[in-house]
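Engineer: The primary structure of each chain is shown beneath.
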Amino acid sequence: MRDFRKEQRDAYYFNWLLKIEHEFQQLFRPTYERMCNLTLHRRQPTHLLAANLRRAFSGVVAGNVKDEGIREIEKHGPFEIAGEPEIMGPMDELMASFVAQGRMKLPGKAYNPCYRIVAGS
Amino acid sequence: MDYKIVDAQVSPTGRLEVLSRAEAAKLSDQSGGGLRTLYRNCSLAVLNCGNELDDGKELLERYHSFDIQIQQRARGIKLDITGAPASAFVDGEMIRGIQEHLVAVLRDVVYASTEISGSARFDYSTSEGVTDAVFHILRNANVLQPITQPNVVVCWGGHSIKQEEYEYTKLVGYQLGLRGLNVCTGCGPGAMKGPMKGAALAHATQRITNGRYLGFTEPGIIAAEAPNPVVNELVILPDVEKRLEAFVRTGHGIVVFPGGVGTAEEILYILGILLHPDNAGLPFPLVFTGPRSAQEYFLRIDRFIAQTLGEAARQRYRIIIDDPEAVAQEITA
Chain S
428 MRDFRKEQRD
438 AYYFNWLLKI
448 EHEFQQLFRP
458 TYERMCNLTL
468 HRRQPTHLLA
478 ANLRRAFSGV
488 VAGNVKDEGI
498 REIEKHGPFE
508 IAGEPEIMGP
518 MDELMASFVA
528 QGRMKLPGKA
538 YNPCYRIVAG
548 S
Chain X
2 MDYKIVDAQV
12 SPTGRLEVLS
22 RAEAAKLSDQ
32 SGGGLRTLYR
42 NCSLAVLNCG
52 NELDDGKELL
62 ERYHSFDIQI
72 QQRARGIKLD
82 ITGAPASAFV
92 DGEMIRGIQE
102 HLVAVLRDVV
112 YASTEISGSA
122 RFDYSTSEGV
132 TDAVFHILRN
142 ANVLQPITQP
152 NVVVCWGGHS
162 IKQEEYEYTK
172 LVGYQLGLRG
182 LNVCTGCGPG
192 AMKGPMKGAA
202 LAHATQRITN
212 GRYLGFTEPG
222 IIAAEAPNPV
232 VNELVILPDV
242 EKRLEAFVRT
252 GHGIVVFPGG
262 VGTAEEILYI
272 LGILLHPDNA
282 GLPFPLVFTG
292 PRSAQEYFLR
302 IDRFIAQTLG
312 EAARQRYRII
322 IDDPEAVAQE
332 ITA
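Residue numbers (my numbering), protein chains in the order written: chain S, 428 to 548; chain X, 2 to 334.
Just so you know, the hints here were simulated from the structure itself, not pulled from any lab data.
Every residue gets a Cβ at the ideal spot worked out from N, C-alpha and C, and that includes glycine.
Treat each hint with caution, since some may be false.
As the list claims (entries may be wrong) - Stretch-level coverage of chain S by chain X, calculated; a stretch enters the list once three of its residues show a Cβ under 8 Å from a Cβ in chain X:
#	region
1	453-464
2	479-489
3	519-531
One chain only, chain S, in its complex shape (with noise of 0.2 Å):
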């Protein structure tokens, strides 16, 4: 890693030469329709299909802990999360193992889901 930002000239402290793309620096405020409306299907390249998961996944974190989306949630319900069955299911598996180990929230109180895993088209 070394060599290679010697051999680029790039600098040691910060790293100018990976690519980030608009899509990963665009601000995403999850709200319940913005949560409904995310594009998960494998007709995508697979990078934006990253992006378009981070920020699923990013809305639930919400949802989970922080003020405003704890505010959301209040106020709409669950966040309903649709997509393609074969993105959905192992997202739906993965959610609800990080469930029923405790990964969500600090123990203490029981979780109550913030997201609903809808399987669309």
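Since the structure of chain S is provided, determine the placement of chain X on it from the hints.
Structural biologist: For chain X alone, kept in the frame of chain S given last:
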């Protein structure tokens, strides 16, 4: 239930002891300016460290009488604090690390509002513009150090993890520290604290007195993940996206411990970036690790990645189970 509170006056140490009148006015604006609330809430979060609470909303409700006012004095500014969590004080004196964090909050909230978000200098409609903004925030926080070797390891993982997993994160931090590496995390509890503790101990054994424990957070999460006081360089990025970018541009390698949805978000972020064709040849050590009991967890993550992003994504990381030494070696390789 009543929570013990303390009133105090703090003189910021270090940089940023002066504020312009306009900046001070913005921060003390009672008329409902967004900056005032942001500043108050982030300050409260920093003072709440060490308390087991991961609910931003509950924190605000619990210390509803908390207030922080900036007093302009002849010799600089003072912070007037009322209704602060008592755990931030020892015999009436505020813990030094927490004092520093309070100053970091002030520095970053002011800088982000006056120099970053309100500035026409950065074009947020382009990728380069956003990156430039991230660079300027980090530089203003004095986090970017030239001359030194690449030695910052980013550690990601959950705030709510099992005791055994927490102990393991310390062992990995210890191995990193023994090799002179510094640790950067999201600065909350759990997998964000363990590696710093381990590294601090290792730095002491290697007589490294300038060990760096970087914590990158953002206003939305800081209340749920209060910075642990080991963090000696705290930066509050304006939002999740800039926080994630700060991690991947500052870090020279990433270690991922078990976690929940936040960790899943981080994994997808870095994989999405590394999958970009332009980054194909870029070396970026990425290790998923945990104790033996976490093996099942990582197999599940691995399967999820295979099912959604495919085989190419799996080539960008290595899963190492129950071997802290191998993790440190992989990162330095």
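Engineer: Please go over all the hints and tell whether each is borne out by the structure.
Structural biologist: Verification of the hints:
no., hint, result
1, 453-464, "holds (count 3)"
2, 479-489, "holds (count 7)"
3, 519-531, "holds (count 9)"
Checked against the numbered hints given earlier, the structure satisfies every one of them.
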